[in-house]
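J.: Below are the chains, spelled out letter by letter.
Number of protein chains: 2
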Amino acid sequence: MLTIYLDSHSNKPYYEQIYRYIRDEIRNGHLACHEKLPSSRGLAQHLNVSRSTVDTAYAQLVAEGYIESFPKRGYFVSQIDELLNMVPVAYPPVSAVEPQEEAFPWDFSPTGADALNFPDTYWRKLSRECINYDDGTIFRSSEPQGDMGLRQELVNYLRQNRGVSCSPDNIIIGAGSQYLMMLLLRLLGKNSRIAMENPAYMPSYYTFQSLEREVIPISVDDHGMSVEELQKSDANIAYVTPSHQYPLGVVMPVSRRTKLLNWANYEPDRYIIEDDYDSEFRYQGRPIPALQGMDQGKKVIYMGSFSKVVSPAVRMSYMVLPDSLMARYREIFKTFPSTVSRLDQAIMTRFMKEGYFERHLNRLRNRYKARHDVLIRELKQFKDRVRLSSINAGSYVVLEWTGEMTEEELLEHARQEGILLYPLSRFCIVPTFRMYPTFLMGFAQLSEEELQQGIGRLRRVWK
Amino acid sequence: MLTIYLDSHSNKPYYEQIYRYIRDEIRNGHLACHEKLPSSRGLAQHLNVSRSTVDTAYAQLVAEGYIESFPKRGYFVSQIDELLNMVPVAYPPVSAVEPQEEAFPWDFSPTGADALNFPDTYWRKLSRECINYDDGTIFRSSEPQGDMGLRQELVNYLRQNRGVSCSPDNIIIGAGSQYLMMLLLRLLGKNSRIAMENPAYMPSYYTFQSLEREVIPISVDDHGMSVEELQKSDANIAYVTPSHQYPLGVVMPVSRRTKLLNWANYEPDRYIIEDDYDSEFRYQGRPIPALQGMDQGKKVIYMGSFSKVVSPAVRMSYMVLPDSLMARYREIFKTFPSTVSRLDQAIMTRFMKEGYFERHLNRLRNRYKARHDVLIRELKQFKDRVRLSSINAGSYVVLEWTGEMTEEELLEHARQEGILLYPLSRFCIVPTFRMYPTFLMGFAQLSEEELQQGIGRLRRVWK
Numbered sequence: 011m012l013t014i015y016l017d018s019h020s021n022k023p024y025y026e027q028i029y030r031y032i033r034d035e036i037r038n039g040h041l042a043c044h045e046k047l048p049s050s051r052g053l054a055q056h057l058n059v060s061r062s063t064v065d066t067a068y069a070q071l072v073a074e075g076y077i078e079s080f081p082k083r084g085y086f087v088s089q090i091d092e093l094l095n096m097v098p099v100a101y102p103p104v105s106a107v108e109p110q111e112e113a114f115p116w117d118f119s120p121t122g123a124d125a126l127n128f129p130d131t132y133w134r135k136l137s138r139e140c141i142n143y144d145d146g147t148i149f150r151s152s153e154p155q156g157d158m159g160l161r162q163e164l165v166n167y168l169r170q171n172r173g174v175s176c177s178p179d180n181i182i183i184g185a186g187s188q189y190l191m192m193l194l195l196r197l198l199g200k201n202s203r204i205a206m207e208n209p210a211y212m213p214s215y216y217t218f219q220s221l222e223r224e225v226i227p228i229s230v231d232d233h234g235m236s237v238e239e240l241q242k243s244d245a246n247i248a249y250v251t252p253s254h255q256y257p258l259g260v261v262m263p264v265s266r267r268t269k270l271l272n273w274a275n276y277e278p279d280r281y282i283i284e285d286d287y288d289s290e291f292r293y294q295g296r297p298i299p300a301l302q303g304m305d306q307g308k309k310v311i312y313m314g315s316f317s318k319v320v321s322p323a324v325r326m327s328y329m330v331l332p333d334s335l336m337a338r339y340r341e342i343f344k345t346f347p348s349t350v351s352r353l354d355q356a357i358m359t360r361f362m363k364e365g366y367f368e369r370h371l372n373r374l375r376n377r378y379k380a381r382h383d384v385l386i387r388e389l390k391q392f393k394d395r396v397r398l399s400s401i402n403a404g405s406y407v408v409l410e411w412t413g414e415m416t417e418e419e420l421l422e423h424a425r426q427e428g429i430l431l432y433p434l435s436r437f438c439i440v441p442t443f444r445m446y447p448t449f450l451m452g453f454a455q456l457s458e459e460e461l462q463q464g465i466g467r468l469r470r471v472w473k
Numbered sequence: 011m012l013t014i015y016l017d018s019h020s021n022k023p024y025y026e027q028i029y030r031y032i033r034d035e036i037r038n039g040h041l042a043c044h045e046k047l048p049s050s051r052g053l054a055q056h057l058n059v060s061r062s063t064v065d066t067a068y069a070q071l072v073a074e075g076y077i078e079s080f081p082k083r084g085y086f087v088s089q090i091d092e093l094l095n096m097v098p099v100a101y102p103p104v105s106a107v108e109p110q111e112e113a114f115p116w117d118f119s120p121t122g123a124d125a126l127n128f129p130d131t132y133w134r135k136l137s138r139e140c141i142n143y144d145d146g147t148i149f150r151s152s153e154p155q156g157d158m159g160l161r162q163e164l165v166n167y168l169r170q171n172r173g174v175s176c177s178p179d180n181i182i183i184g185a186g187s188q189y190l191m192m193l194l195l196r197l198l199g200k201n202s203r204i205a206m207e208n209p210a211y212m213p214s215y216y217t218f219q220s221l222e223r224e225v226i227p228i229s230v231d232d233h234g235m236s237v238e239e240l241q242k243s244d245a246n247i248a249y250v251t252p253s254h255q256y257p258l259g260v261v262m263p264v265s266r267r268t269k270l271l272n273w274a275n276y277e278p279d280r281y282i283i284e285d286d287y288d289s290e291f292r293y294q295g296r297p298i299p300a301l302q303g304m305d306q307g308k309k310v311i312y313m314g315s316f317s318k319v320v321s322p323a324v325r326m327s328y329m330v331l332p333d334s335l336m337a338r339y340r341e342i343f344k345t346f347p348s349t350v351s352r353l354d355q356a357i358m359t360r361f362m363k364e365g366y367f368e369r370h371l372n373r374l375r376n377r378y379k380a381r382h383d384v385l386i387r388e389l390k391q392f393k394d395r396v397r398l399s400s401i402n403a404g405s406y407v408v409l410e411w412t413g414e415m416t417e418e419e420l421l422e423h424a425r426q427e428g429i430l431l432y433p434l435s436r437f438c439i440v441p442t443f444r445m446y447p448t449f450l451m452g453f454a455q456l457s458e459e460e461l462q463q464g465i466g467r468l469r470r471v472w473k
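Here the protein sequences come in this chain order: E and C. Mapping of the first sequence onto my numbering: residues 11 to 473, in sequence order. Mapping of the second sequence onto my numbering: residues 11 to 473, in sequence order.
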């Protein structure tokens, strides 16, 4: 008979203690295969517990396959003939701790957005209202492409502000650009060869790499991606940033746009991915209209995101697909639900509908313009040792250093002053020749005072 | 001289009206290539507007590449030599309107969850608190694998309730199972061949199909996936539901689990994907422990989701990766940010930490058990014309009809009574032989009364 010590002070009920004891006895071989267990009545008497307690323990052992029950004969230990032969394999230790990064009081990151930009008060207000006055809608599944209300707001916003022409049916809202790119690459097919501007928006390059896609770097001239070079390549997808080339800041003129669209129209499987990164920010004149509007969305896939203009905590990006790809999307991804939180979608819809988004963008544009102007003013004090380009738009300017020092010297001197700089060389898929050391000077996450101080320090060490 | 009609009542400023007029004249060829534009001073006088208005319009036209400025010579229309030659291509019309589905008062869907299950009150309360008393954290980016606090709660929950053994460093929280599967398949490599149980959890089968992965169907016997058949296949990945096989409800006993783990340990690139779908719900005894706990997470990828137990509006699933795959994840996806809303993560963390989740699961389990019991009681009135299996767990039972009628007749009779049924044949990758018509009878989204009424109606027509 099994003698099991039952602990009445344990938080585990008796049946579970019995179950665990027998399970472990079978696991370590003390109870051998085919061995008969005591009847539940007998064990219950022996342990002074109710019979149903033992029955429950036995039922669990049966359910998990440790013992088997044979009518009229009783319970027997199952045949678990193979021992688990775990082969010990050594893997590199997993550590989530990243090496501590040096802290820089002046970080001129070209991609950084100011955390203070977030429309905190309005967002909280709308969140509260969505939660308090909701009829239960925000707790149901979203439409797979994203809530219709939000897609309609996006259509209006994109038409009025970006010249994008589309219907809500062609919009897909997803949890971040990487996710949307995963969907898109599947739609474009395994054998797509992607041409990217070089220098490039590296996050997209890394995404393509992560997803094992071949990338063909194409030079950028004063008009953006070279269509001649693109034509000579065997790429069928061109990834471009026509409104404000990242990182050089070139605007693609209408003549180059036409060439590029004609390239795409030449073959049915050619497409253009227009990443409309940071195009909301122009400090002179009107925004440059999107390429997508020029071809009425036949060949251009338009991509945008709220993470930069609202908050990276709000995981929401969108893409506008041409009808041809939309049909494929409906076919391939028909079982894929939306990846975006319903609550965030509800908040964002009202944020746009009630004018908060536009006001927020205007506020942000004014703040960025002020910072942009301070940065330019301060950098002009370097006189003819610097040349500036990519001005009047976006969240950084491009600085060429025509003075004596090398890129390494400039970086090192800046570092010693607590200034983190981003040389253009880090934004190249393959090295490009530059006459002078070139830096991307981001101004979005530094205040006017910090910009003034930072460039002031730079002037002391850059000669 | 250009004569432009300026509308003082338009909501468009004058500079924009001038810009649009000239742009359209260039586009439609009325202003030819290389043609000289009037000087800004001259045009300003002619139109009776300020010179800066014309300057702004010209600057925009220059920025977009319609005209060029030559110092001392003036503005000229750019060469836009290629006309945009759009090839009209016919695509199937895109329509978001799905064919209207017939409404069934009694829908025995095996996957449906009751919308009323959502812990609405508590979730709203926690949402409000997270929004009101937050220090700004919820508006910053999340850690790429998901917030550490939430991953720690998950570790505790999975250890205590599912016997899963892992560290927070091995957990990845993502926006839905499909997204996580996309990441996982990339980690497992292009040439992975995936074995699936047949009959199968079809949503996962569709996901594999959407992502162009080969699936090898493997038979299911009383102990789950046949490891003999698996060994004969050239699959290197086995996708299984060991705690409660979907759809047959078989629990994989410990002997089969050992065999399966030994199969995986035989080759370094073999892995097991354990989908722990609905394992929270057992109405007798303890939950069946996860397979992952048996090998200490060396070969088993454990996947779970909150969408079924909390709400499909909360887009949150998770996977536990073995160290070997975790190292690969860190390498490949180092630039991929989290896909889950920070606010939802904050709410979920508190939902778990403060015991709401456990109470919610208990409440749900009790409600499902009551429905399960009513369904079984009602179905037993069919006497020996039905055989039930997959009972005491999950959100459906499996019904075999041993009476005279065919599957089509049974379905059609039910349909006429307003009853929607789900035959097992729809859950098969390749047809499997069944002696009798078999149905999955879901009870999660019907009340006890509805279940009683529905089965009552079925008894009138199923003879």
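Derived from the structure by calculation, the hints contain no laboratory data. Just so you know, not all the hints are guaranteed correct.
To be verified - Computed list of lysine to any residue pairs in SDA-like fashion (alpha-carbon distance at most 20 Å, straight line):
id : chain 1 : residue 1 : chain 2 : residue 2
1  : C       : K308      : C       : T345
2  : E       : K344      : C       : D279
3  : C       : K308      : C       : S265
4  : C       : K200      : E       : R223
5  : E       : K473      : E       : L420
6  : C       : K318      : E       : E153
7  : E       : K135      : C       : P433
8  : E       : K318      : C       : T345
As the structure is a computational prediction, the values presented were derived from the model and not from experiment.
J.: Next, verify each hint and record whether it holds.
T.: The hints, checked one at a time:
1. C:K308 - C:T345: Measuring from Cα to Cα gives roughly 25 Å; hence the hint is violated.
2. E:K344 - C:D279: violated, 31 Å
3. C:K308 - C:S265: holds, 18 Å
4. C:K200 - E:R223: With a Cα-Cα distance of about 12 Å, the restraint between K200 (chain C) and R223 (chain E) holds, given a limit of 20 Å.
5. E:K473 - E:L420: holds, 9 Å
6. C:K318 - E:E153: Since the Cα atoms of K318 (chain C) and E153 (chain E) sit roughly 17 Å apart, the hinted pair holds (cutoff 20 Å).
7. E:K135 - C:P433: Judged against 20 Å, a Cα distance of about 48 Å means the pair is violated.
8. E:K318 - C:T345: holds, 16 Å
Consistency with the previously given hints fails for numbers 1, 2, 7, ordered from lowest to highest.
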